[in-house]
Every structure is written in structure tokens, then in C-alpha cells.
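There are 2 protein chains.
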Amino acid sequence: MYRTHHCGELRLSDLDKTVTLSGWASVIRDKGSLLWIDLRDRYGITQLVFDEAYTDAALFDIARSIGREFVLQATGTVIERTSKTTKIETGEIEIKVTEMRVLNASKTPPFTIQDDTDGGDELRLKYRYLDLRRNAVQKNLIFRSNLAIETRKYLAAQGFIEVETPNLIKSTPEGARDFVVPSRMNKGQFYALPQSPQTFKQILMVAGFDKYFQIVKCFRDEDLRADRQPEFTQIDCEMSFVHQEDILNTFEGLTKSLFKSTLGVDLPDFPRMTYDEAFIRFGSDKPDLRFGMEFVNLSDVAKGKGFPVFDGAETILAICAPGCAGYSRKQLDELTEWLKRPQIGAKGLVYVKMEADGSIKSSVDKFYSPEDLKVWTDRAGAQTGDLLLVLCGEDEKTHKQLNELRLEMGTRLDLRKGDDFKPLWVVDFPLLEWDEDANRFFAMHHPFTSPKPGDIVKMESDDKALLKSIRADAYDLVLNGVEIGGGSIRIHDRDLQSRNFKLLGFTPEEAEAQFGFLLGAFEYGAPPHGGIAFGFDRLSAVMNGAGSIRDFIAFPKNNQGRDMMIDAPSGIKAEQLKELGIDVVGE
Amino acid sequence: MYRTHHCGELRLSDLDKTVTLSGWASVIRDKGSLLWIDLRDRYGITQLVFDEAYTDAALFDIARSIGREFVLQATGTVIERTSKTTKIETGEIEIKVTEMRVLNASKTPPFTIQDDTDGGDELRLKYRYLDLRRNAVQKNLIFRSNLAIETRKYLAAQGFIEVETPNLIKSTPEGARDFVVPSRMNKGQFYALPQSPQTFKQILMVAGFDKYFQIVKCFRDEDLRADRQPEFTQIDCEMSFVHQEDILNTFEGLTKSLFKSTLGVDLPDFPRMTYDEAFIRFGSDKPDLRFGMEFVNLSDVAKGKGFPVFDGAETILAICAPGCAGYSRKQLDELTEWLKRPQIGAKGLVYVKMEADGSIKSSVDKFYSPEDLKVWTDRAGAQTGDLLLVLCGEDEKTHKQLNELRLEMGTRLDLRKGDDFKPLWVVDFPLLEWDEDANRFFAMHHPFTSPKPGDIVKMESDDKALLKSIRADAYDLVLNGVEIGGGSIRIHDRDLQSRNFKLLGFTPEEAEAQFGFLLGAFEYGAPPHGGIAFGFDRLSAVMNGAGSIRDFIAFPKNNQGRDMMIDAPSGIKAEQLKELGIDVVGE
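Protein chains in written order, with my numbering: chain A, 123 to 709; chain B, 123 to 709.
Keep in mind that the hints were calculated from the coordinates and are not lab data.
We put the beta carbon where it would ideally sit given N, CA and C, even for glycine.
Keep in mind that a hint or two might mislead.
Claimed, not checked - Using 25 Å as the maximum straight-line C-alpha spacing, the simulated DSS-like pairs for lysine-lysine come out as follows:
#: 1; chain 1: A; residue 1: K700; chain 2: B; residue 2: K309
#: 2; chain 1: A; residue 1: K624; chain 2: B; residue 2: K229
#: 3; chain 1: A; residue 1: K275; chain 2: B; residue 2: K275
#: 4; chain 1: B; residue 1: K695; chain 2: A; residue 2: K700
#: 5; chain 1: A; residue 1: K153; chain 2: A; residue 2: K209
Stated by the list, open to error - These stretches of chain B come out as covered by chain A in the derived footprint (C-beta under 8 Å, 3 or more residues):
#: 6; stretch: 174-183
#: 7; stretch: 200-211
#: 8; stretch: 272-285
#: 9; stretch: 313-322
#: 10; stretch: 661-669
#: 11; stretch: 685-695
Bound-form chain A, shown alone (with noise of 0.2 Å):
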């Protein structure tokens, strides 16, 4: 070992010691005749001095000759310090630096290496391996990799096996976009990436595996947004013999074992909710419930008071905002723009101001008397301060605008804390979803999500309104308005799998070329299983109330999915294309 001790070990009961640290130099300090160096590795930080009174003068001008970020090897005593902190653990004892070696020499990082860095995201990404000894981005991984270590061992206690699946597999154009693998051995064929283990856990279940959980990669090929990557992780989960009841209950189990052990949080059992419930009281199958500002349907009360465009609407719905009846004209109509962009695509806003002298104020005094709104302030249950936002149109439009509206006053009015927890079950998803451009149905969940047996009947019908109402054992876990994790209790009956493939479109030959193993399976046993899958970045991005799961992937991609650090993707040589039997095609 280059060292006896590391940075963040020592302290005042080891005076006098002669120790060996290795590390970086992270903050040199020259007063002249005196000369500090911090030493920083992955434990902590130690302080080396150099004097003039006694340090040795070619070792002096090694000291001196150290720039930000050389890796250094000193040997000296443990000292206690003069000027003593309490910033850091070793803030107690410095070393007297009696040899010094530099292990390697350092140019100039592009940015500095601190919890607030100078750096650009680009330019970090390129030299994340300067950005990641900044401690903030450590810190992060360290959680991350503490969390899988618990996630772990509670579903080992509970008797999971971990089984790893494979990771070339088949291509099936149902769901995302594939990455697929040309083969060589087999040209002209592909592999393809898994976008889950889906299959493959189903799979273990029919064999008897009973508990099967994986810690485990997972790609697909989509459009990046800031908070996708093409590769991310999840903690992959399947039991058989289970409704959906004792999954919920085991995974609320884990959820809170997390909590608990790694940021020592108790969680309060998890209330349930509706998919419908949901969407009418937040307009969102993941809303946040770190905060209130419920929505209030006002299209009995607000139509037939001869506001045309109220009347014309399929839908009014209000917020309150707590407090924002101060709100200025200018402010009212920046959030009139913000709810206009493209992004949310509302018409217009209209407000209701409860005055502090009692008076009721609003966009629309023109159609509507005191009274009037008066009915409308008492149904939000608005107080005196409180500032009631109104969008109309149509119904599930108005629900996601206003949804939209209401996370973005949350956060305005600073509702969404970081450490303030609020779980979720959002439970009886709808079976399948309309698609109006493709004019067919898909699976709301997956192919292979169970209708509750109760709504089995329905899947015969051809009313379209009849198969939407159609409920799945199908169930989200919603954390402070972000979906962690979801799943289902899956089919496990052949006949009912190929008349939810025939629904969604399948033909019987296009359903078995892409899943007769499974169709295969389900005659040989299967039992009844359900299982659940959580986002493993964005878990842990959630638990430490960061925006972005880059934050916690240690090489993540941009959003044109390239790896800034080595270049990828890439050309690759045209004997590799020949050997794949692929050619690339000219633009």
C-alpha cells in the first residue's frame, strides 16, 4: 500500500504517530515560511504542513511545486493542530511532512473540483472523471450503490433469488424502440437489448422460481429528454402465488426498509388511490402529495352565466393558491404565457382574487356577481389571500393543464421540498388505452398485465367504451409526483394472453413468432404471478430530492445519447461491418 492510513482517519488519540497518506492535493495555502497542503482522497480530507522552521529545504520546494490536484505520497507526524475545525473530521491533527513523494502531476483542471463547480454540463461530462471527484457527484454514487446493497438484503431476507437474465435477446416491436445487435454468427439476424426482463421473469416464474428479483440494465431507444438515458437500471421484481394485494404490501415492505435504512426516514403506511380518483382530484396517474391545491370542478356553477367561453366548455376546473391573491397583473399574465407555450397548450386563465378587505376580484366581474363567485371560492374552500386559478376546455385537456399549473404553483410557492416524503399507490389502471392516430388500442401496462378477473367478460365485446372501462391489476408507486416504480399481476392463462394480443392487434402468427415461448409456457403449468419493476436511477434521484437521474448514473449520456468522455457512438471499421454482413446507408 501506498499508504498506513487514509485521509479521513486520523485523529487526536493518534499523536505522534509517523503515518503515510496518499492522495490529491486539493487546497494549497502559501504564507511564505509556512505552507499547508489539504489532502484529499475518497475518506476525507488531512491537512499536511510545511515550515520553514523545520521542514527540510529540497522538501520545501517539492511543497512548493504542487499544483491543484497532483496525486502526492507524504510521510510525516501526526501533529495536533493550532488552529483546530470542526469542518472536518480530521479538523483536530495536521501531519509535519517529513518526506514527500509526487505519484503523478496534474495540468489544470478545466473547472474546479467543488460541490459548486464552475463547469458547464458538456464540459463535465467530457472530463467526468475530473466531475466525479467532486464530493457532491461521490456522494451520490456512494448512495447509490448503498441502496442497492439494502435493496438487497431485505429481498434476500425475504427470500428473493436474484437471477440474472440475459442480455441479448429478441426484438419485439410492441412497446419502445428497440437497440438491436447485428449477428455475426447468424447474419442478417439481430439481437435485440432488453427493455425489461419482462419475459424472462415470467418465465422464471412458470419454472418455480417463486421470488425472483435483479438489480438490472435496461435500454431502449427513445428521444432523450433530461431526465431518460438510453441505458438505465431497475430493480426487476416477480412472485408467484400472489394477488395484487401481497405484492403491494411487499413492496411498500421494501420501500420503507430503504427509507428507514438509508436515510434513516419512517414512512407512514402508503394510502391508496384510484387511477380515476387520480385524475379527477389531480388531473395526473402520479400526482404530488406533498402539497394540497386539490382541483375543484366548477362546470355546474360557472356555466349559464353567459360567459361564452365557460358555456362552449366540456370542463372548468379551479386550483387555489394559497396565499397569491397578492399577485400582481404582470404576474397574472406571465402565467397566462407560461400556460399558453405549446408544451401545456391552455387557451387562457381566469382568476379569482379574495381580497384581503374581504372583496372577491376576478378576470371575469363582467359575467359573474360576487355571489356568483362566492359559490365558486366557497367550493375551493379558498380563505381571504387565496387566489383561485381557473382553466376550461376539454376534459382530459383541462385535467393535464391544470395539473401542469398546479406543480408548477407547488414549486413557485416552494410546497415540493426535497426531504419531505409522500408515497403513493395509484391502483386499477385501465387495462388498455385508445389510440386515436393509430386507431387501436394498446396496453395501458404491457401485453401481459391481468384484467381484474371480474372485467375478464368484457374482453369479448367490440364496444369500444366497454374495453376502455376494462380495470388491470395493474398498480404504480408515486413519490412526490414521480413514478418509481410499477407493475401488474400478469396473465397466466393462454387463451386470456391471446385474446389480449388479438385486442391489441396482434395477429395469432405475429403473436407467436414474437412470444410463442411464452404462449409455450403458460400450457405447461404456469402459475398465477404479478411482480413489479422499480426505476432505480430515478429512485434514487427522488430520495435525495434531485431533479435530474444523471446526477446519480456515474457515465450517463447526453441528449443526443453519446458519451461525451469516450466518443461514442462511433464509426467502426468496414471489415467489422463486413464480418456483421451490415452496411451502413449514405444520408
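Keeping the supplied structure of chain A fixed, place chain B upon it in accordance with the hints.
Below, chain B without anything else, positioned relative to chain A:
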């Protein structure tokens, strides 16, 4: 839950309890008025009993309709068995069934679900979900899951952090063939799947992570042999501020701990052997130390006696097969033919027998006197009843051929027991390996391996022999003749790394294009570091005395790289190819 207990749980202490079990009908015995079903799940087997004397007629009919591998849910009372068995843990009780549901039927499986199944390899791969029901295979995968748990437990306790490295990286032609992934967003460019996380773990050391590990999938597009898979799993590790000695100690500790925790086996301290010594004594860099039969060099004593074959040979080597003097002419002929097969390529075999009557008999009696032969047998330490087997030819080839013969004799003499564990560190590997065909050096380990400090100076030479003599800080962990791990101290100096790339035939431009990020990282304070990777599949197999890694992989591919169950790889749609900007080239 579909059960109150699992099938391995109930004991005499549970008598008279009403319980519900779920599982598979494993064995059904119908004696007319009495019928037993062995109900099986992952945890064990419990016997269900139906008796016309007390079983409801309708229920008895259901019981009679059950076939093998049907999935059942049975409720009943725990009663004491009249004929107890100790073969299963629940052997003292059975369930007097009062209610039973068929949860799913099963067709007759194409092979028996037993330890010794009648299914062939391909059939079992196609119906892997049935093969995985076999106790022998489940046991292997549960062992593997435990081995991963214990690995993580040990390394985490040692301060290692598990960091996930990316799977979509960059193709580097050095080493084995890459699997590549066409990029849709960057048309004409490709990701590669990692052959190992080598450069990323080194980057993590530059980033100050100090101790990294990962249990990680790796990919190599190689032509497959029985013990190779296109995707396989490594325990991948790296440490900073360490010398070779620290790594050997750390991972000897890991290996001992894994043996103790999963098998209850105490391994002694691991012996060490240099690469050169292993070659001289065993003709292999991964000698199987479970048995002796070390090489004996007869070159100096067997030449010059008029036997032209030996006189013209570079090297004459022997092993002593204990107790084999009784080998018949036929046996020796068969062994000679075995050696002459192209896979081994020996020209012939000379034998010397130490007969029971004290005489020495050989296939070269014409050229050697009994006294001549006694010199050989003395040198080999042969006893009465032993058989000396002698090969000759070019030095390196003869060593390799005799290694094969030694292993074969070890197997034939049953000296290679699966539960006898003989670990060995092989150290001081050469840095470079000359390839006659390519007329250039290749890295014996990989291009990032550090030469031993004293040998660095030789890297400036043009002398091939001198370059060949460079030793590296590289080591393999060998167990029972299988390389289960290998690693090295890495280069952490940019100039030295560039020099090594040059020796390996990289132009500066190629080195920069492929590994510029690593060379760049070395300029910003790279610490001394080194590591190791264990073949996880192989470790699992060797620890269980199993010959093939396939038995420890849930969904292995066959020798053509195909997943027989899901039928992958397969064709993809024209629109997928178009989106990716690639074409399949006709044969």
C-alpha cells in the same frame, strides 16, 4: 396469497392445522381407493393424500384428473404419516385434503423434471422453463445468487463501492471481437457492448473512488466453445494506491471468504508460482494442483543414445503415472492415438513401465539399456507399478502436449475430484506476446497492464528477445486448473501508456482515437492502481465441481449463439433497419 405455507415448511409440530399449499403436481400415486400427490415448490415437497374413506367423491374425481406439472392449490389438515420418510424434510406429515383447485393445467412435459433428466441439450434449452424446474438446476442458480450476495457482502465490508458502468460504449478493435449496436440518433455510428469495464474502472480510480467493484455482464463476439458464452458475468474490481501484494491479499481473502460462507470449506493460504515455473513444471499457466505428475525433463539424459527421434528433438519431457504399469498394449495405443489427434498434435508416445517384478520395460528398449532407463525413472521418482509417459519435440509444443496428457491421466485416474480445491496464484506474466502470423506484439493481459518497475527500461529496446523478457505486474488466480480470475497493476503514467501502445503497434493517432480519454485522464492526477476480474459463471461452476458454465446461467445460448427458447437472434423489420440507417448485405 394462494397459500398459508410453502411446500417445505410443515412439520409434526403443525399437526391438525388447517393449511393451504400451492405448487406443482410432481409425483402422483393412484392406488384405487387411495391417491397421493407430491406437491412441489421451490422450497420442498409435501404429500397430499386423498382417501375414498373420507374424501368427498367430487374432490376425489378432481384428484384423479390431475396430471404431472399441474398447478394446484390445496387446503386441508396436517396429519401424521403412517409411513414416514427422511428423504424430504416434510416426511413426517401429509395433508388430508378437503379442497383443491386446479390453478393451471399442464401438457405432458417433453422430458422428465428430475435430477437425471432424459432430455437432450437442445430440447432442454428450448423448454428452459421446464429444465429450470429441475432441482439440480435450481440449486445451481440459488448457489449463484448466494455467491453474489456473499461477494457483495465481503467487498462492501472492505470499503468497496459498487458502481455501474455503461453498456453502450465504444468499439475498440484491440482484443476480442465487439458486439456493436447501431445508433439511430447518430446514423452510421455504432456503440459497442463492453468486453469488460476495464477503462471505466480505471477512470473511476482517476476520479478517486479508491475501491470499486461491480458484478457485471460482459460481451465477446467470439466463436463459441462449450465453456464460452457470448455474454458472461464478471466480478470486476479495482483499487488505488496499491501494489500487487495488496491485491493478491485482498482477493485471496475474498475467495477464502466465499468458500467458507457458501460451501463451508476452509481454504489454506494460496501458494504462488511464477508463469515460468508453471510452464516448466506443468506446461501450463493454469496448472491443476489437485494431483502431482509434474514434468520431468529428460533432454540431457535421453539424447545421444542413438534414438533418432529423441536426438533430433529440442525437448524430451516425461510424467510419471502412478500405478499404471499394468496398462495394456491396447490402452497405450489408444492413448497414443488420443495424443495424435489434431487438437493435441503429438507425433508419438514413448512409455517406460516399472514392472512388479522390478524389471523396467519400455517402447524404446532397442535404444536404451535398463540402466539408461533407470536414470529416467529415478529422476521421475517412479515406484514399482508406475508408468513413465514421454513426449518429445519443440520445447513449447511439447510442454503443451504433455500438459494435455497430464490432465487426461489425472482425469482417468480420478485424481481431479470436484470437491477438492487447490487454488494457486500465477504471477510474473510476460507483458508482451509475439504473434508470428501478425508479425507483431500483443498484450498478454491487456494494453493497460504495467510492466514491473525494473523492466520499464527494456521497453525502449528494439530487441525482440529483450521485449519478450519484460515481466508484468500481472497475476491469475487459478483453481483446479481453471483460471477463475486475472488482473494486473495498471499503467498510470501517460508517457508509459503511450510507449506501450506503440509497442503494440498503435499509431499515435489510433491510440488517441480509441483511448484518448484515458490518456487525457492520466494527465489530471491519476493515482497508482490495479485490479482483478473474476469469471463469475466459471467460479460458480468450479466451486461445484461442474464442467460447464451453462449449468450456472439461467438462460444460456447454444454453440451457435442462439437462445433456443425465445429463438433469437431473429430478423427485424425493414422499418427498423431504415430508422437505424443500415442494410443487411445479401449472402
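Straight-line alpha-carbon gap A:K153 to A:K209, limit 25 Å = holds, 21 Å
8 Å C-beta test of the stretch 174-183 of chain B against chain A, three or more residues | This one is violated; 0 residues, fewer than the three required, reach chain A with a Cβ under 8 Å.
Taking a Cβ-to-Cβ distance below 8 Å as contact, does the stretch 661-669 of chain B have at least three residues touching chain A?
-> Contact hint for the stretch 661-669 of chain B vs chain A: violated, 0 residues under 8 Å.
25 Å limit on alpha-carbon distance, applied to hinted pair A:K700 and B:K309 | holds, 17 Å
Taking a Cβ-to-Cβ distance below 8 Å as contact, does the stretch 685-695 of chain B have at least three residues touching chain A?
-> Per the Cβ count (10), the hint holds.
Examine the stretch 313-322 of chain B for residues whose CB is less than 8 Å from any CB of chain A, and state whether their number is three or more.
-> holds (count 5)
Given hint B:K275 paired with A:K275 - CA-CA distance at most 25 Å | Given pair A:K275, B:K275 holds - Cα atoms ~9 Å apart, limit 25 Å.
Within the stretch 200-211 of chain B, is the number of residues with a Cβ closer than 8 Å to a Cβ of chain A three or more?
-> Violated - the stretch 200-211 of chain B has 0 residues with a Cβ nearer than 8 Å to chain A, which falls short of three.
Holds or violated: B:K695 with A:K700, Cα cutoff 25 Å?
-> holds, 21 Å
Given coverage of the stretch 272-285 of chain B by chain A, tested with a Cβ cutoff of 8 Å and a minimum of 3 residues = holds (count 5)
Given the hinted pair A:K624 and B:K229, is their alpha-carbon gap at most 25 Å?
-> holds, 24 Å
When held up to the earlier numbered hints, the structure conflicts with 6, 7, 10 and fits the remainder.
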